[in-house]
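With the first letter of the first sequence counted as 1, position 106 gets the number 106 in my numbering; the numbers rise by one all the way through.
Check each hint, because a few of them may be wrong.
Said to hold, decoys possible - Dumping the calculated DSSO-like pairs for lysine-lysine here, alpha-carbon to alpha-carbon at most 27 Å: (1) Lys15 <-> Lys106; (2) Lys106 <-> Lys67; (3) Lys15 <-> Lys67; (4) Lys67 <-> Lys115; (5) Lys118 <-> Lys106; (6) Lys52 <-> Lys106; (7) Lys114 <-> Lys67; (8) Lys15 <-> Lys52; (9) Lys106 <-> Lys14; (10) Lys14 <-> Lys52; (11) Lys116 <-> Lys106; (12) Lys67 <-> Lys52; (13) Lys67 <-> Lys116.
Just so you know, these hints were derived from the structure itself, not from any lab.
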Amino acid sequence: MGGRPPCCDNTTVKKGPWTPEEDIVLVSYIQEHGPGNWRSVPANTGLMRCSKSCRLRWTNYLRPGIKRGHFTPQEEAIIIRQQGLLGNRWAAIASYLPRRTDNDIKNYWNTHLKKKLKQFQTAPGSSSGSHRHTLTACNNGATMCPDLHPPLPTSCCAPTYASSTENISRLWEGWMKSAPKLGNRAGDGDGGGGGELQGSYGEVRQDPESNHPPPQQSLLLESWLLEEAAVAEAEGLMDVYTHAMF
DNA sequence: AAGGTACGCAACCGCATAAAT
DNA sequence: CATTTATGCGGTTGCGTACCT
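Can you build the whole structure from these sequences, using the hints too?
Structure follows, in structure tokens:
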């Protein structure tokens with residue numbers, strides 16, 4: 001048969017939630033090689049994950065510059081407007097909010113905005129309250145957002161591979177929590193989860209007892225954090241600009 | 001305080017398209 | 001050019017947690 005060789009052996013791939021150890025392995029690899037060649041990731045890192053799963057984890061959670069948590073009214077407005085224009089093309093909508101992932105936007109739409117819009121539509125006469133605010137902002141945002149946030153390829157922030165402070169700190173938080181009791185995680189619902197990792201990633205978890213990252217990784221993290229500070233500064237400037245526009 | 005329910009998020013699944021052989 | 005897989009995307013599900021009764 002011609003064609004490409006298969007990316008991974010589907011019989012041995014691990015599923016379920018990612019562990020901090022896996023995250024670190026993935027981040028370290030991408031830091032070194034850059035994102036893109038996903039099929040080489042499981043092969044070269046030893047991760048028992050499908051390349052697809054690695055890509056998803058990276059783009060939705062570990063990618064540099066990702067902003068998590070509260071959506072601002074401005075962001076809401078852009079999402080609502082673009083959803084109206086583009087439909088459920090979340091990747092396209094996400095290009096207007098470079099620091100949000102399509103998955104995040106999709107989740108937010110399904111859990112919050114859909115409900116909000118429904119409420120608004122069932123009470124068309126209600127011209128007061130937060131919904132009105134949202135939709136007003138939406139209309140404003142609609143006309144200006146392509147200028148303010150032109151559809152940017154992820155390249156606008158990605159090339160630095162700087163991971164967000166939140167993501168990294170969360171990573172280490174998870175690491176600290178799980179490291180001392182890794183042995184107890186076997187029954188973690190995800191059959192064969194933490195337990196097998198101990199063996200698989202022994203060479204990666206160089207010093208599990210000390211709660212410190214391996215030296216090389218800590219250097220990488222340090223440089224990421226420094227870069228993140230620069231990104232945050234830039235974002236601050238953007239917020240000022242945004243507020244001026246609204 | 002305990003049990004039940006709703007909510008939010010991470011991850012998986014399946015499909016479409018692009019790319020490699 | 002045909003075949004096969006990688007990649008990207010949208011829909012959906014399952015789990016953990018917060019909130020309510």
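Do the hints match the structure? See the list:
This hinted pair checks out: Lys15 and Lys106 have alpha carbons roughly 22 Å apart, not beyond 27 Å. Among the hinted pairs, Lys106 with Lys67 is consistent with the structure: their alpha-carbon atoms are about 15 Å apart, no more than 27 Å. About 25 Å separates the Cα atoms of Lys15 and Lys67, which keeps this hinted pair within 27 Å; it holds. Annotation: proposed proximity of Lys67 to Lys115 holds, straight-line Cα distance about 23 Å (limit 27 Å).
Between the alpha carbons of Lys118 and Lys106 the distance comes to roughly 16 Å, so the proposed pair stays at or under 27 Å and holds. Using a Cα cut-off of 27 Å, the hinted pair Lys52 and Lys106 holds, with the two alpha carbons roughly 19 Å apart. Only pairs whose Cα atoms come within 27 Å are accepted, and Lys114 paired with Lys67 is accepted, the gap being roughly 21 Å. Taking the CA atoms of Lys15 and Lys52, the gap is near 11 Å; set against the 27 Å cutoff, the hint holds.
Restraint check: the Cα-Cα separation between Lys106 and Lys14 comes to about 25 Å, which is no more than 27 Å; the hinted pair holds. For the hint pairing Lys14 with Lys52, the CA-to-CA distance comes to about 12 Å; that is within 27 Å, so the pair holds. Under the criterion of a C-alpha separation no larger than 27 Å, the hint pairing Lys116 with Lys106 is consistent with the structure, at around 14 Å. Restraint check for Lys67 and Lys52: the C-alpha separation of about 22 Å stays at or below 27 Å, so the hint holds.
Among the hinted pairs, Lys67 with Lys116 is consistent with the structure: their alpha-carbon atoms are about 22 Å apart, no more than 27 Å.
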